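**Q** Once you have looked at the hints, place chain B on chain A.
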Amino acid sequence: AQKITQTQPGMFVQEKEAVTLDCTYDTSDPSYGLFWYKQPSSGEMIFLIYQGSYDQQNATEGRYSLNFQKARKSANLVISASQLGDSAMYFCAMEDSNYQLIWGAGTKLIIKP
Amino acid sequence: DTGVSQNPRHKITKRGQNVTFRCDPISEHNRLYWYRQTLGQGPEFLTYFQNEAQLEKSRLLSDRFSAERPKGSFSTLEIQRTEQGDSAMYLCASSLVLAGTQETQYFGPGTRLLVL
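Respectively, the protein sequence lines represent chains A and B.
According to the numbering used here, the first sequence holds residues 1 to 113 in order.
According to the numbering used here, the second sequence holds residues 114 to 229 in order.
This is chain A alone, in the form it adopts within the complex (with noise of 0.2 Å):
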C-alpha cells in the first residue's frame, strides 16, 4: 500500500539556521510525483515544491530544496535561513497514479526567535 511517514510531529529551530523536514514514502509504482505543503494556523495549504520520480535533479524553490534519495525512499524538505514565517504545519504529500494525493501526519514546525 502507498504511504507517506513523517517521523518529526514537531521541531523547534533558531532564527536563521536551516532546517531539514524527514519524509519517507513507500510505493510500487514506478512512477510517481512527491509534494510539500505548508498550512500557517490560517488554514491554506500553500504548495511549496514538488519532485517527481524521473527527475535527475532535487527540485529548489528559493529557499526551499528536496533532498530526493529515490533508493531510499526520502524525500526531505530543506528549509535554509529560517524566517519567523515559516512557523507553520509542514506536509508530505505523494501522488498516486490516479493523481490523487496521499498525505503523511505532518511536521509543526516553530522558528524560534
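One or more of the hints may lead you astray.
[Said to hold, decoys possible] Simulated pairs of lysine-lysine, BS3-like, Cα-Cα distance not exceeding 30 Å: (1) A/73 with A/16; (2) A/16 with A/112; (3) A/3 with A/108; (4) A/3 with B/170; (5) B/124 with B/170; (6) A/108 with A/73; (7) A/3 with A/70; (8) B/170 with A/73; (9) A/108 with B/124.
[To be verified] Partner residues are not named here, just some residues of chain B that face chain A (Cβ under 7 Å, in silico): (10) 155; (11) 156; (12) 202; (13) 217.
By construction, these hints were calculated from the structure, which means they are not laboratory data.
On a predicted model such as this, the values are computed, not experimentally measured, just so you know.
For each residue, glycine too, the CB sits at the ideal point set by N, CA and C.
**A** Structure of chain B alone, referenced to chain A:
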C-alpha cells in the same frame, strides 16, 4: 485574485442541520478535489471531479454527503443531518490534467465547520 476560493470560510451549525459549501476552482483547471482535515491530521481525500463527472468517492463519504459540479466549474459539498463528528476543515483543491500528466493541486482557504 485567480486562486481557488471557498465559501463560507466558517460555519457553525446545530446537529441535525444541513450545510452546503461552495468551491470555485482556478478557471482553467479541469479537476476539482474535496478533502476533510481534522485537527492535527493531514487531509483525507473525499471525492474528485474531472470536469463535471464525479470519478471517485472515498468510503469516508457517507450517504449524508453529496458533492456536485454541475457545469464543470464551481462545486458544492452538502452535508445532511450533520453530526458532531463532521466538525472539521473542508478543503477544496483544483488542478489541470492534460494528456496523462498533472500539474500541482492548488488549495483554497478551506471552510471550517463546527457542529454543536
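**Q** Hint by hint, note whether the structure agrees.
**A** Quick rundown of the hints versus the structure:
| no. | hint | verdict |
| --- | --- | --- |
| 1 | A/73 with A/16 | holds, 28 Å |
| 2 | A/16 with A/112 | holds, 9 Å |
| 3 | A/3 with A/108 | holds, 19 Å |
| 4 | A/3 with B/170 | holds, 19 Å |
| 5 | B/124 with B/170 | holds, 23 Å |
| 6 | A/108 with A/73 | holds, 22 Å |
| 7 | A/3 with A/70 | holds, 15 Å |
| 8 | B/170 with A/73 | holds, 28 Å |
| 9 | A/108 with B/124 | holds, 26 Å |
| 10 | 155 | holds, 3 Å |
| 11 | 156 | holds, 5 Å |
| 12 | 202 | holds, 6 Å |
| 13 | 217 | holds, 5 Å |
When each numbered hint is compared with the structure, no violation occurs for any of them.
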